[in-house]
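Protein chains: 2
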Amino acid sequence: MTKEKVNGATEEEQQAQSKKALKKQQKEAEKAAKKAEKQAKLAAEQQSADEDDFAKDRYGLSAMVQSQQKLDRALVRVQDLTAEKVDQLIWLRSRVHTSRAKGKQCFLVLRQQQFNVQALVAVGDRASKQMVKFAANITKESIVDVEAMVRKVEQKIESCSQQDVELHIERIFVISQAEPRLPLQLEDAVRPDGEGEEEGRATVNQDTRLDNRVIDLRTTTSQAIFRLQSGVCQLFRDTLTKKGFVEIQTPKIISAASEGGANVFTVSYFKSSAYLAQSPQLYKQMCICADFDKVFCVGPVFRAEDSNTHRHLTEFVGLDIEMAFNYHYHEVIDSITDTMVQIFKGLRDNFQTEIQTVNKQFPSEPFKFLEPTLRLEYTEAVAMLHEAGVEMGDEDDLSTPNEKLLGRLVKEKYDTDFYVLDKYPLAVRPFYTMPDPNNPKYSNSYDMFMRGEEILSGAQRVHDAQLLSERAHHHQIDLEKIKSYIDSFRFGAPPHGGGGIGLERVCMLYLGLHNVRQTSMFPRDPKRLTP
Amino acid sequence: MTKEKVNGATEEEQQAQSKKALKKQQKEAEKAAKKAEKQAKLAAEQQSADEDDFAKDRYGLSAMVQSQQKLDRALVRVQDLTAEKVDQLIWLRSRVHTSRAKGKQCFLVLRQQQFNVQALVAVGDRASKQMVKFAANITKESIVDVEAMVRKVEQKIESCSQQDVELHIERIFVISQAEPRLPLQLEDAVRPDGEGEEEGRATVNQDTRLDNRVIDLRTTTSQAIFRLQSGVCQLFRDTLTKKGFVEIQTPKIISAASEGGANVFTVSYFKSSAYLAQSPQLYKQMCICADFDKVFCVGPVFRAEDSNTHRHLTEFVGLDIEMAFNYHYHEVIDSITDTMVQIFKGLRDNFQTEIQTVNKQFPSEPFKFLEPTLRLEYTEAVAMLHEAGVEMGDEDDLSTPNEKLLGRLVKEKYDTDFYVLDKYPLAVRPFYTMPDPNNPKYSNSYDMFMRGEEILSGAQRVHDAQLLSERAHHHQIDLEKIKSYIDSFRFGAPPHGGGGIGLERVCMLYLGLHNVRQTSMFPRDPKRLTP
Chain A
1 MTKEKVNGAT EEEQQAQSKK ALKKQQKEAE KAAKKAEKQA KLAAEQQSAD EDDFAKDRYG
61 LSAMVQSQQK LDRALVRVQD LTAEKVDQLI WLRSRVHTSR AKGKQCFLVL RQQQFNVQAL
121 VAVGDRASKQ MVKFAANITK ESIVDVEAMV RKVEQKIESC SQQDVELHIE RIFVISQAEP
181 RLPLQLEDAV RPDGEGEEEG RATVNQDTRL DNRVIDLRTT TSQAIFRLQS GVCQLFRDTL
241 TKKGFVEIQT PKIISAASEG GANVFTVSYF KSSAYLAQSP QLYKQMCICA DFDKVFCVGP
301 VFRAEDSNTH RHLTEFVGLD IEMAFNYHYH EVIDSITDTM VQIFKGLRDN FQTEIQTVNK
361 QFPSEPFKFL EPTLRLEYTE AVAMLHEAGV EMGDEDDLST PNEKLLGRLV KEKYDTDFYV
421 LDKYPLAVRP FYTMPDPNNP KYSNSYDMFM RGEEILSGAQ RVHDAQLLSE RAHHHQIDLE
481 KIKSYIDSFR FGAPPHGGGG IGLERVCMLY LGLHNVRQTS MFPRDPKRLT P
Chain B
1 MTKEKVNGAT EEEQQAQSKK ALKKQQKEAE KAAKKAEKQA KLAAEQQSAD EDDFAKDRYG
61 LSAMVQSQQK LDRALVRVQD LTAEKVDQLI WLRSRVHTSR AKGKQCFLVL RQQQFNVQAL
121 VAVGDRASKQ MVKFAANITK ESIVDVEAMV RKVEQKIESC SQQDVELHIE RIFVISQAEP
181 RLPLQLEDAV RPDGEGEEEG RATVNQDTRL DNRVIDLRTT TSQAIFRLQS GVCQLFRDTL
241 TKKGFVEIQT PKIISAASEG GANVFTVSYF KSSAYLAQSP QLYKQMCICA DFDKVFCVGP
301 VFRAEDSNTH RHLTEFVGLD IEMAFNYHYH EVIDSITDTM VQIFKGLRDN FQTEIQTVNK
361 QFPSEPFKFL EPTLRLEYTE AVAMLHEAGV EMGDEDDLST PNEKLLGRLV KEKYDTDFYV
421 LDKYPLAVRP FYTMPDPNNP KYSNSYDMFM RGEEILSGAQ RVHDAQLLSE RAHHHQIDLE
481 KIKSYIDSFR FGAPPHGGGG IGLERVCMLY LGLHNVRQTS MFPRDPKRLT P
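Line by line, the protein sequences are chains A and B. Residues in the first sequence are numbered from 1 upward in steps of one, following the UniProt record's numbering. Residues in the second sequence are numbered from 1 upward in steps of one, following the UniProt record's numbering.
Keep in mind the hints are simulated off the structure, nothing from the lab. All of these numbers come straight from a predicted model, not from anything done at the bench. Be aware that a few hints might be false.
Just so you know, same-sequence chains aren't split out, so a pair can sit in one copy or run between any two.
Cross-link-like lysine to any residue pairs, in silico, SDA-like; alpha carbons within 25 Å at most [to be verified]:
#, residue 1, residue 2
1, K38, L61
2, K481, D207
3, K133, F173
4, K56, A101
Construct all of the structure, not just a fragment, from the sequences and the given hints.
See the structure below:
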């Protein structure tokens, strides 16, 4: 049915669509014509200048790199342009970050990721008047190859990452030309929120950023965020691999809604329907029943929640852990908290540049954590909230504002941004949560918090098929639909527990950011599916 | 619409369903009753025996581990039960792999993953007649805690991984009881195909295995396959991280079919529709345009192909690479082939036990590769096939049988199981493939093969928005639907290329297996969505 809906537009709709397409095509053609015109103009200018230009072979638009030849030319990286390279003639490929013509000179800032260097084309032995003009006309964000002499500077260049040298350009060729009107300016996109307003300068709103994500991701802030995110994944996996965990790959298309049926996306699967996994929960548990002992996985999870908040996405990356334990699920908590602590330490020790880069635009306090990690019981937390004037029942779930308040109270009392809240009321947890043996109203389950927001939810799971059936029945879940899951526990299952961590939330909260879209490269929410 | 279809069953259907549900519930209840009866019987037996049983506290069914207490008890691992532990009293948790009563003794084989050890309960000082009987009655695959003395054996125990010692059990408690009828026997599941037939013993067919995957994954073969798979992912990432690549996370729910529209799964997305990404292709390219320079990602990709072959899955794990290059896309080929070679070496050097374990059940020749990797051009391959009597046009795509034949010819001539086929005809490649600058009928694209089957497809991509629009138009792709993709190239884009590797295929072909379902934990194909 869904397929029909997609392809089976009415005739009217089709006409409207083809009109629209036609219009777009015309627009495209106009654009292309304009571009061609501009290029022709540049070429013509160059040609007319060529005759009396001694430097005419030293600059220009390169043919599109189509792998015509294997050039034996070493390119240096901007970050390697230090005092050691002084008086060397080098080749470099980089973006034109800014350019400024000034008399017979043109100053450029050349950029590679988070690094940049000052460069200069000046009329003289190696550059003609026409060459300086050509350089001055190169659009921002274009990619150029330059041959240049590295020169020491008298005074440090404060505005560039490479402060001790500048480049004296002897050849410059455009490898890929950027269109002249950028949808957003990189310098606006890294300006701290307050600063823009005070000085009457622009900042860039989030939708503009996300609509033009390819440009937004080029900023020093974005480069730092996603390099740090790559680090979180690596630290997560390396720590667990050292602890003897095995990485698993779990299916995302599933035949039954894993966690009850609400908030699940439906997929048309050939002549039938299927769902997108809301977590790898059931599969990682099956791996425990299949003797993998300790497993982790990193992958997308899908939630069809119509929530437009700062911390909800419809698709995010789950860092999932599951492990058999011997006698007490606190063995699991200890493994997870130690993993988090290793991540925090790894970020602190190896990603200081990235942290400080993000802090320049989004200032925040350094992230604090304790060793061993603080563990509070739910009842203690409720008592702290009561004491702070909050009215709530002992077995009520925590509201988002109360979670945040609790985070502040914990920070005041214990000076930590990371803690575990243990022994949640049974009623607010999923059916597969192990009840507390000492108090049937509570459960062997826990959440973990960073800066007062939940980043992990976990528990000891029920590993007995009979108790699991009872609990599912109690939650009014159709046992037939989760048969293969329940059957997994019929042939000997070790006691086990685990949890799922939201990658984007960990990055957001570690860096003290305020919107999870900042730490998702191409975020998905009920209103955003592009780019 | 899809939602309605799922929930909107007719009244008749609902009645049929609730009858079915009722029947199932009755069946469940009967099962539970039987189990309770059996447990009561065991308990009763134990109780009646208790009065005159001096060992009555030394065995029994443990209460379900519900984290009642933190036991200060160290458990040893089976693989650590070596001669060094002789004459030590140890605690161990493991599965009962087999048990055999013999007079006043009961022999057990206790198993942990791929390791096992012989154990013995014998009537004497520490064990009563009743205790031996209890041990003999423990169902296969149950999980037990045993306290035992480690004893040296006179003769090596050939049938166990731990050959120098056996365990003399002094206490034994059942932690989790397996149902008595296993859906498949582990020893049948690891029997080589031929052997079963010859000796009139059972082997297990693939559907039975997959229907009962939790049991099938416990075999030494499965444990080895998926530990090796975990290794492939780790080697892939570690190699690329060392080369300066950044890990990215790309969305799986997308607004437009990325590769043309065929074979794509549709998702209902709130009040609209979306698709499941057939590859991270467009997103990893956007990351290159966003200055990440070299990126990789590991994640699910989805193909709605109705192919029921040995090598197609509807969901598999893609190991994806994309990188900017300087002047020639062979820089990309070199990076990818070196990564593959590092994976092959890492497997050969660190996963020899796993390789040999799989070989016991599925014998195959060791995987051969050359350094540097062999690279053939498409025209050379066609010539080799022509010479071998195959009739095909110069610009025809390779059929699967011809791919396999080519693999054999290459193996004969060059003695390698891994090679690159370069310069495919332009017509058989996706619209974003860069045409060959020297011959418009060919392209800067390549496939990589292991044992004659394709594991990677890749190319230099078109990085110029205008040429990309032309190519998309030529392929009759609606430009409007891929607007944000094409726009990514308007603001300066470096020349770049990459490729996507199928994880399950790499594991299958490296190990010389013959069905990709063997290397997918929970495979998905047009006919299988469970477990």
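| message | If you test the structure against every hint from before, which numbers come out violated? | response | none
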